[in-house]
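2 protein chains.
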Amino acid sequence: MVDDKLALDGITVLDLGQVYNGPYCSLLLAHLGAHVIKVEPIDGEHTRRRSPQPEPYPLILLNSNKDGLGLNLKSGQGRRLFLDLVATADIVVENFAEGVLERLGCGWDELQSANPRVILASGRGFNDHGGWGGVPAMDLAVQALGGVLAVTGFADGPPVKCGGAVADILGGTTLAVAALAALHERERTGRGQHVSVPMLDATLPTLTSPLAGYLETGGTLPERTGNRHGGLEVAPYNVYRCKDGWMTVFCAREQHWRALATTLGHPELVEADGFSSMRSRAQNMDEVDDLVTAWTTQRSRAEASAALLAQGVPCAPVRGIGELLDDAGLRDSGALPEVEHATRGRVRAFGSPFHVRGRKPRPLVPAPTLGQHSRDVLHSRLDLSGDDIDRLLTEGVIA
Amino acid sequence: MVDDKLALDGITVLDLGQVYNGPYCSLLLAHLGAHVIKVEPIDGEHTRRRSPQPEPYPLILLNSNKDGLGLNLKSGQGRRLFLDLVATADIVVENFAEGVLERLGCGWDELQSANPRVILASGRGFNDHGGWGGVPAMDLAVQALGGVLAVTGFADGPPVKCGGAVADILGGTTLAVAALAALHERERTGRGQHVSVPMLDATLPTLTSPLAGYLETGGTLPERTGNRHGGLEVAPYNVYRCKDGWMTVFCAREQHWRALATTLGHPELVEADGFSSMRSRAQNMDEVDDLVTAWTTQRSRAEASAALLAQGVPCAPVRGIGELLDDAGLRDSGALPEVEHATRGRVRAFGSPFHVRGRKPRPLVPAPTLGQHSRDVLHSRLDLSGDDIDRLLTEGVIA
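Line by line, the protein sequences are chains A and B. Numbering of the first sequence is given in my numbering, commencing with residue 1 and proceeding in unit increments. Numbering of the second sequence is given in my numbering, commencing with residue 1 and proceeding in unit increments.
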């Protein structure tokens, strides 16, 4: 059975999101079938303004399946149009700095007056309690304040940022959870709510291993262990050099070690002193790593991975960005598909991470250009005439 | 107005999750008010079995507000009890390897027969399409195959894992989005669905900047840029040494640079050749970083951060795990509170990342010991007598 319906059919989202956090939240809702209207300032959202390219890739990647409306929220007319749209909407997503929405006259009180059923979902950086409310909530700052930097890198080197924008994306995903929970509650109460998610709170649970290690040992472990196990209790567990790059090998159980030692050509080590238990291997971590490296450096990632996986040893090649883009599986399964963009031609965009048994994913429509759907949206939702819309364009209220 | 109700009041979740991915998904649902029953094998879930401590910290951190039921799903009686519980539940969460649930006789067909309204939410590692279905889906493997390792670290060094378990936690969070969307759809259709989320798909959007940089330049940028901007287009943007550690400074706009140059005691650089535009600063990145370092190394993180934030320059101290645990804001705001555990005494656990206007978070009840609520659950939900339960304990069907 293939079903064309999607879970959020009939739900309308006004997306004031900018850069990564807010836009990713509403992208998830769009993948699930919501009608998402991306509301941008008339000179475009921040991602456009900071790029020489009017349709920059971050915007393309994160804004598929959204209609584009350019709207000047700083004008009285623009603000009234927005509140009229709120009256027709279910969810408003935003990740402005604290207080910006209120200064625009579109805070929670105004939204509730316009529509008591509307849900406001706010992406934030930090909770006020810590006194960090004033720190601009870029991903790098959240990684720094939230401990991700401290636990990434080598013990004898500086803290290292995670190259992925984990705070932005985890914050946005957790915000989508909050918005959908509020939607569920609305079935019972008939009323919306204002939910917010600080990126730091959303990111903290990624530190389960380092926090657990610290709490179990009283903080005697090194904070950063490079590519080794955070608690230095598992070996082999590392990133190993191959002929053509790097790969991970990770023996979680004794059966993995037995299979690995045999594959490496050292079956005698399975029972040897210093190698026969996880504890002893962890104590001889350098020797264990040298044994694995001696084998991996003679092989390509593909050869080594195939040989180890065939024996049930957990491992994986370290793949680069170009390899991800070349992966036909990712392209065809929908995670990173190709789409035809209005002005940039064939581009890549993030597909849906949701797999529903018996259902095809929503086809991907590329990110809108600035104001691409302004006419459609204002006509279909607020019944404005062509003349009204022309006047708003001329007056700079919409783009 | 403070409201004691929670969004998912009345929703029951059976949590077969293990380690981080599944348990974090259902922890989010528990924070939102769902009644979550953690169903563990009678010798405990994997996190207990791999630790010398029967109540290990990862389990405590990720399993608050859940009831604990020990149940042998490999026995016929255990399986029947589980399906009887499914008949009373709304959502089943699991992150076994592909096919395990089916082998236990609790696959989608059996769940649907037991309860056509139930939602099955499955955490996975990779999508089949890429041929990586056989790779054990540990966080490290997903970071390797999914590009997080390749973009983390310095250009002249090896790839580095993110010290946070970003794939596990992002996968689990995205799975919670999927489960709640299915719950929303059930209001309309009356039927459950089987949703699954591969961790790799959930993690890919963290690579927005590296993917965008690659796609815009055709892959000419270095894949890893240490703590510098991924596109090497922003300066200052780095982690700088202080007297007592490290801090980030990130000038996203010209106003930030003006404020920073003045604070550093070099107002002349605001207009100087090689420093007056983002483009020129990016070309002189080493000199710019030297100027910032000369200033930060003379100061503590707290002094330097306070001085820069007072001038509106985005920055943040790099905080270690011990500092996160000592942060009274995190402890009191609910993100990382203290709770009193049944056997371990005062411990820390992850609080709710959800902030709802006018509502207090759900009070945190510490993670259950193995089988702590077996009697309660089987009596209250399946009406089993004390004698029945004693017999099941004796026969090793429950713990």
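Check each hint, because a few of them may be wrong.
Ranges of calculated distance between the beta carbons of each label pair, as one might list FRET restraints [stated by the list, open to error]:
1) L382/B to E323/A: 39 to 45 Å
2) D9/A to D383/B: 53 to 59 Å
3) G190/A to D390/B: 33 to 39 Å
4) Q311/A to G76/B: 31 to 37 Å
5) H46/B to E287/A: 26 to 32 Å
Since the hints were made in silico from the structure, they are not lab data. Using N, Cα and C, we set each Cβ at its ideal position, and we do this for glycine too.
Hints, one by one, checked against the model:
The hint said 39 to 45 Å for the Cβ distance between L382/B and E323/A, and at roughly 51 Å that hint is violated. Judged by the Cβ atoms, the range 53 to 59 Å given for D9/A and D383/B is violated: they are separated by roughly 39 Å. Taking the beta carbon of each, G190/A and D390/B are about 47 Å apart, not inside 33 to 39 Å as hinted. A hinted range of 31 to 37 Å for the beta carbons of Q311/A and G76/B is consistent with their spacing of about 34 Å.
For the hinted restraint 26 to 32 Å between H46/B and E287/A, the CB-CB distance of approximately 28 Å keeps it satisfied.
Figure legend: structure checked against the earlier numbered hints; hints not met, in rising order: 1, 2 and 3.
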